[in-house]
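Asker: Keeping their order, the protein sequence lines are chains V and Z.
In terms of the UniProt record's numbering, the first sequence opens at residue 1 and continues consecutively.
In terms of the UniProt record's numbering, the second sequence opens at residue 1 and continues consecutively.
Simulated from the structure, these hints should not be mistaken for lab results.
You may find that some hints are simply not true.
DSBU-like cross-link-like pairs, simulated, lysine-lysine; straight-line CA separation at most 35 Å [stated by the list, open to error]: (1) Z/263 - Z/139; (2) V/125 - Z/313; (3) V/374 - Z/57; (4) Z/227 - Z/71; (5) Z/340 - V/83; (6) Z/37 - Z/83; (7) Z/456 - V/418; (8) Z/160 - Z/74; (9) V/425 - Z/418; (10) Z/74 - V/157; (11) V/259 - Z/263; (12) Z/524 - V/415; (13) Z/259 - V/168; (14) V/374 - Z/494; (15) Z/259 - Z/204; (16) Z/271 - V/418; (17) V/66 - V/524; (18) V/204 - V/157; (19) V/494 - V/269; (20) V/227 - Z/374; (21) V/374 - Z/418; (22) V/271 - Z/157; (23) V/168 - V/227; (24) V/418 - Z/418; (25) V/160 - Z/271; (26) Z/160 - V/227; (27) V/157 - Z/263; (28) Z/494 - Z/348; (29) Z/259 - V/259; (30) Z/391 - V/57; (31) Z/369 - Z/37; (32) Z/374 - V/74; (33) Z/259 - V/263; (34) V/204 - V/269; (35) V/157 - Z/313; (36) Z/157 - V/263; (37) Z/418 - V/456.
Simulated coverage check for chain Z against chain V, where a stretch passes if three residues somewhere in it have a Cβ under 8 Å from a Cβ of chain V [to be verified]: (38) 251–259; (39) 408–421; (40) 501–509.
We put the CB at the ideal spot given by N, CA and C, even for glycine.
2 protein chains.
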Amino acid sequence: MHTAATNQLVLYDTTLRDGAQGEDIHFSLSDKLRIAKRLDEFGIAYIEGGWPGSNPKDFSFFSQVKSLNLKQAKIAAFGSTRKAMLAVEEDQQIRLLLEAQSPVVTIVGKSWLLHVLEVLRTSEKENLAMIRDSVQFLKSHGREVIFDAEHFFDGYKSNKEYALQCIKAAEEAGADFIVLCDTNGGSLPWEIGQITSEVCSSCKVPIGIHTHNDGELAVANALWAIKSGARQVQGTINGYGERTGNCNLISVIANLELKMGQKVLPDGKLKELRELSLFVDEIANVRPNPKAPFVGRSAFAHKGGTHVNALQKLLRSYEHIDPALVGNHRRILVGELSGKSNIVLKAKELGIALEENNPNIQRVLNKIKELEAKGYEFESAEASFALLLRKLLSPYPSFFHLLEYHVSIRQLPSKNYKVCEATIKISIHGERVYTVAEGDGPVHALDRALREALVKFYPAIGQLRLEDYKVRIIDSTEGTASSIRVWVESTDGKEIWSTVGVSHDIVEASWLALFDSIEYWLLKKTENG
Amino acid sequence: MHTAATNQLVLYDTTLRDGAQGEDIHFSLSDKLRIAKRLDEFGIAYIEGGWPGSNPKDFSFFSQVKSLNLKQAKIAAFGSTRKAMLAVEEDQQIRLLLEAQSPVVTIVGKSWLLHVLEVLRTSEKENLAMIRDSVQFLKSHGREVIFDAEHFFDGYKSNKEYALQCIKAAEEAGADFIVLCDTNGGSLPWEIGQITSEVCSSCKVPIGIHTHNDGELAVANALWAIKSGARQVQGTINGYGERTGNCNLISVIANLELKMGQKVLPDGKLKELRELSLFVDEIANVRPNPKAPFVGRSAFAHKGGTHVNALQKLLRSYEHIDPALVGNHRRILVGELSGKSNIVLKAKELGIALEENNPNIQRVLNKIKELEAKGYEFESAEASFALLLRKLLSPYPSFFHLLEYHVSIRQLPSKNYKVCEATIKISIHGERVYTVAEGDGPVHALDRALREALVKFYPAIGQLRLEDYKVRIIDSTEGTASSIRVWVESTDGKEIWSTVGVSHDIVEASWLALFDSIEYWLLKKTENG
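Looking at chain V on its own, in the form it has when it is part of the complex (with noise of 0.2 Å):
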């Protein structure tokens, strides 16, 4: 019995698994477990976690992220069939898939005859069992199974009897979806049309796509397989993935919600596409790609005068789709649009009341303007957007105010020497405050001093917490001259909130991301009584 519903097309992403293969993108625990949890919220129906087998870290992932209760999403752990000879039950990366007690468990297997003969170098039969083994025993212990046909498509071009009879043994076995995978990324769409169509003719059990992107194809392969009756598509967040990447996601979910009619998320979710683009980049620190179809800056910038005309006289002239569908804005760049709206709902969400004919909004929107010319970036640092809201629109209360501070780092290397050291000179209710500490590097040691020198007026900062703390260079042909953002994650253990700052030294970057942080901490203790 199949446990996969088998006429709803569901989404599966594997960015924490290969996604994790591309050469730039390094996933620590932490990162994996938020990047989880955002994709159960945004409605993605699996997510493969990692390959227990591979290393601790992966293995690790599937036990806490049981601890994050997802709301829908079904975890799945990746691992490859039995070794050639041996038991399945004595396979000991088949028994950690297990030990990861993950709901789905995908298994990739071989399909194209030349692999088995020269890769695993084992014989044709032995390759059947090993398929036919590996999914039966996982189905005997409960889970949900899914195959992954690894290069099928190759095999199937060069050996067609033998490319289904792989997948024959996985259906027989009982696994629930076979996926068919296009691992070289080298196959046309007509190709991957054609041969999914005559795959899914020829099996009951629902068929899957996973392509990658080394034709510049992978997206135009994934809809064209499911256009051929793929019920399961496989990908990662902004495509990324060993070599020139996985199949991106996000274009398959725009393409698929706005052009093909096909519903894949949950009511109300398209709109968050950009925010999990950028949410995605910015754990995976990765500069978002302005260019990208759909979620980019530059995906509704209009630069020719003919087109701006255009769009004034009919907005769709120049435009596939409506840019806000997917959580995403037009951008004129001659003579900038105003934005007021924006500000008004923004102001909302956090809670102050504003007109849209305040006369205010205007010196926002300067302000705001001018902080993004310097490489600010609001969008994940909504804590010093609220901080800049409250300061230009309503009286603000002052806490402290810095008068100096002053950080040191000596290092002697032979002598194993190394010191780094910070003072903070602050004034507060009307006293002056000077505090030294040493810290591992410049950021901490600053950090340090001024919790030292804040504690006396406000003990509970010791619940006060970094959570996160991110740098990025903007600019970077600058080199060590670059403009640098800091971006920095605080809890009080009930509430997390994100600050950023911005300078081309990034010890004041980062006194600017942690001031915020404490800042926007005490005004919320003084609101909130």
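Position chain Z relative to chain V; hints supplied.
Answerer: Structure of chain Z alone, referenced to chain V:
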């Protein structure tokens, strides 16, 4: 009579016109001339140079390009059909098209009735007359005329008859090519295929295709149109262009030649594909996309241990084409999943001969493991990795030693005072050198002080430039005491290399990456004499 060959598929490059509409693209006149020369050498059949009617720079291009004496490419001037209710010979923009004296003129005209009525605000009939008059007039002046049917697919879907009337008008007036444009980039491949095929069967004139990447489908859409009968494909190098960009000719060319058996380049040119891509990025000052299909730095990079193992057994096991065919090469990434075979392959790549059973390999693996546990990543820091291999596997010259550095950052916001200063003490060639420098931030100051110390011994250090600088927090849950990885990319104008440093202190991590970068440069200089 049509002057274009009708059965040969031809490449039409619009990097210099539509590509220049990209948000980040700004070509000078000399940039445009250099690119035109290179495209000609590469074997592109048509080069669209600009819109003589839109600005004087584009107009000058057409007079200056003549003195380049291109070998084979035809230069096209771009413009639009005449204005409504104006005699064609009185249209200033059309006159400038003739004055450009290019052998080819490409004019864009409306084929979507909605645009005729609501953007042009003229009648169905007048638009047809505009097309007819403009094509006829340019033909009567001896030009090869290409008609770009703007928004053709949207037009066809909303009013097929009128869209066809538009291109029929161009055909009857003597156009040599009619190009179907998916101007808004929102069409799906099967729509493009079907419509192109219908048009091809109802027209005698050869049909071309012009697509945009708004759905991440531009390349697939172009290929599908070609498969359905199109004989000209328009695009830009690296997919430059407004919004999400135009169809990427680089990927189109590689797919046509390597996957579809369609020869579009002169013999021996395909292997210059990567060079062409990098050349145009260099002129446009665009950072090359490492994930670019076929030509990107990561396009044939392999990370996973299983993949690397399989590659040794069978090259095509995880590669869709031989990278050398497009002038690219395989890269083995050294990472947490790596084994002995990665090290051997990597050493070979770096020119260090190493047998699989060399006992030093284990030392290298242990060292890598130890450094990776600290947060090092060598996958994208090949120069640091090469230094490590060199130091562990062969006698290594020492260039200079750090004795001490000190960094001081003082800030007094109320007095608007800020100074960041670094002192460095090194021992070099038996001499002790002590320097001091200020900078925008601590790393900038250290970088300057170090150069100051080295310039007397290595005057060529002035050529050394930092190209990129990235900071990544590892285990960011430690807040400001987290480990920090700094990645630096450097160049001496000829080669580019990357290095890495890790520490809890961002200044020290940056110092380590800088130090490796300079040491690698010195090593290369020494080894190359």
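Asker: Could you run down the list of hints and mark each one as holding or not?
Answerer: A quick look at each hint next to the structure:
1. Z/263 - Z/139: holds, 29 Å
2. V/125 - Z/313: holds, 21 Å
3. V/374 - Z/57: Cα-Cα ~31 Å, so holds.
4. Z/227 - Z/71: holds, 29 Å
5. Z/340 - V/83: Status holds; Cα separation ~21 Å.
6. Z/37 - Z/83: holds, 33 Å
7. Z/456 - V/418: holds, 28 Å
8. Z/160 - Z/74: Holds. Residue 160 of chain Z to residue 74 of chain Z sits at ~32 Å (cutoff 35 Å).
9. V/425 - Z/418: With Cα atoms ~15 Å apart, residue 425 of chain V and residue 418 of chain Z stay inside 35 Å; holds.
10. Z/74 - V/157: Measuring from Cα to Cα gives roughly 40 Å; hence the hint is violated.
11. V/259 - Z/263: holds, 33 Å
12. Z/524 - V/415: holds, 30 Å
13. Z/259 - V/168: holds, 29 Å
14. V/374 - Z/494: Holds, because 32 Å separates the two Cα atoms, which is no more than 35 Å.
15. Z/259 - Z/204: With Cα atoms ~28 Å apart, residue 259 of chain Z and residue 204 of chain Z stay inside 35 Å; holds.
16. Z/271 - V/418: Roughly 52 Å between the alpha carbons, so the hint for residue 271 of chain Z and residue 418 of chain V is violated.
17. V/66 - V/524: Cα-Cα ~32 Å, so holds.
18. V/204 - V/157: Within the cut-off at roughly 22 Å; holds.
19. V/494 - V/269: Holds, at about 26 Å.
20. V/227 - Z/374: Answer violated: residue 227 of chain V to residue 374 of chain Z is near 47 Å, above 35 Å.
21. V/374 - Z/418: holds, 18 Å
22. V/271 - Z/157: holds, 26 Å
23. V/168 - V/227: It holds: about 22 Å lies between the C-alpha atoms, which stays within 35 Å.
24. V/418 - Z/418: Roughly 24 Å between the alpha carbons, so the hint for residue 418 of chain V and residue 418 of chain Z holds.
25. V/160 - Z/271: Distance of about 32 Å is within 35 Å: holds.
26. Z/160 - V/227: holds, 24 Å
27. V/157 - Z/263: holds, 23 Å
28. Z/494 - Z/348: holds, 22 Å
29. Z/259 - V/259: holds, 28 Å
30. Z/391 - V/57: holds, 31 Å
31. Z/369 - Z/37: violated, 49 Å
32. Z/374 - V/74: The given pair, whose Cα atoms are some 33 Å apart, holds under the 35 Å limit.
33. Z/259 - V/263: Satisfied, since the Cα-Cα distance of roughly 33 Å is no more than 35 Å.
34. V/204 - V/269: Distance of about 31 Å is within 35 Å: holds.
35. V/157 - Z/313: holds, 21 Å
36. Z/157 - V/263: Given pair residue 157 of chain Z, residue 263 of chain V holds - Cα atoms ~23 Å apart, limit 35 Å.
37. Z/418 - V/456: holds, 28 Å
38. 251–259: holds (count 4)
39. 408–421: holds (count 9)
40. 501–509: Since 6 is at least three, the answer is holds.
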